[in-house]
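Visitor: Sequence:
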Amino acid sequence: MDLKFPPQWDWYPKIEFLFGLYEPGTTSICKRLVRPGMHVVDVGANVGYYTLLFSKLVGPDGTVYAFEPHPEIYQLLKHNTKRRKNIIILQKAVSNVNGEVEFYSSKHTTGSHGLYVPQEFVIGSTKVASVSLDSFLNGRRCDLIKIDVEGAEPLVISGMRNFITNTEKLIAIIEYNPSALQLAGHMSNEFLNSLHQLFDAIYFIEEETGHLTRISGSSLNKEIPEWHAVNLLCLKGVSI
Numbered sequence: 001m002d003l004k005f006p007p008q009w010d011w012y013p014k015i016e017f018l019f020g021l022y023e024p025g026t027t028s029i030c031k032r033l034v035r036p037g038m039h040v041v042d043v044g045a046n047v048g049y050y051t052l053l054f055s056k057l058v059g060p061d062g063t064v065y066a067f068e069p070h071p072e073i074y075q076l077l078k079h080n081t082k083r084r085k086n087i088i089i090l091q092k093a094v095s096n097v098n099g100e101v102e103f104y105s106s107k108h109t110t111g112s113h114g115l116y117v118p119q120e121f122v123i124g125s126t127k128v129a130s131v132s133l134d135s136f137l138n139g140r141r142c143d144l145i146k147i148d149v150e151g152a153e154p155l156v157i158s159g160m161r162n163f164i165t166n167t168e169k170l171i172a173i174i175e176y177n178p179s180a181l182q183l184a185g186h187m188s189n190e191f192l193n194s195l196h197q198l199f200d201a202i203y204f205i206e207e208e209t210g211h212l213t214r215i216s217g218s219s220l221n222k223e224i225p226e227w228h229a230v231n232l233l234c235l236k237g238v239s240i
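According to my numbering, the stretch in the sequence shown is residues 1 to 240, in order.
Derived from the structure by calculation, the hints contain no laboratory data.
Since the structure is predicted, the reported quantities are computational estimates derived from the model, not experimental observations.
Mixed in with the good hints there might be a few duds.
[As the list claims (entries may be wrong)] Taking lysine-lysine pairs in the BS3-like style, the calculated list, with each CA pair at most 25 Å apart, reads: (1) K56 x K127; (2) K4 x K56; (3) K85 x K14; (4) K31 x K56; (5) K31 x K82.
Could you build all of it, start to finish, from the sequences and the hints given here?
Guide: Encoded structure:
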């Protein structure tokens, strides 16, 4: 497999990528829920771990839309997905508005680039195009969306409220990172409450086992350390 990775990656993330070991719980949930012919949106695609997984799972009759705004990471994503005809990649930041936003590069990890980066970690920035999913998905189908955007998740959800409200069935896998949300000026409990208003059920994914724990209200805040990031499985019109 002809893949390219960021130069700062050591051997461990490469092994995780190549052998499907990254976020094993979430990976198993994706394999369980994504079916041939589905249309999937990957927001914060990075170098393409989930994009390639989704591509394999949806098959030739499905489509994967992968958003990655960082110029250098986008080129790696473009290279890694070039042989997959069911993948459409877009060099845009997904937000609550159509326009242009400042996108920051982090010296911490390539997965930490984003709209909000601690000042001490910023090593550069660039203007990138932004798009809301309400506008992008107008006339398009989306069965599952994965969102991992380092604290900008509330903006993504805000920019697709109409789509979520008007669609009968939707699966969303959303990173929940209280410290990143706080850095971005969002209250983590308010974000959770907004998700409960839009989805029928929300589950915390245990990465080691793939076990799902249903949560209510803002109870998740009491179950995870403030610094920890987890993935949430949010369902509307879908049972599991």
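Visitor: Next, verify each hint and record whether it holds.
Guide: Here is how each hint holds up against the structure:
A distance of roughly 32 Å separates the Cα atoms of K56 and K127; the hinted pair therefore is violated under the 25 Å criterion. Distance restraint check for K4 and K56: the Cα-Cα separation of roughly 19 Å lies within the 25 Å cut-off, and the hinted pair is therefore satisfied. Of the supplied pair hints, the one linking K85 and K14 holds, its CA atoms being roughly 24 Å apart against a limit of 25 Å. Using a Cα cut-off of 25 Å, the hinted pair K31 and K56 holds, with the two alpha carbons roughly 10 Å apart.
Only pairs whose Cα atoms come within 25 Å are accepted, and K31 paired with K82 is accepted, the gap being roughly 22 Å.
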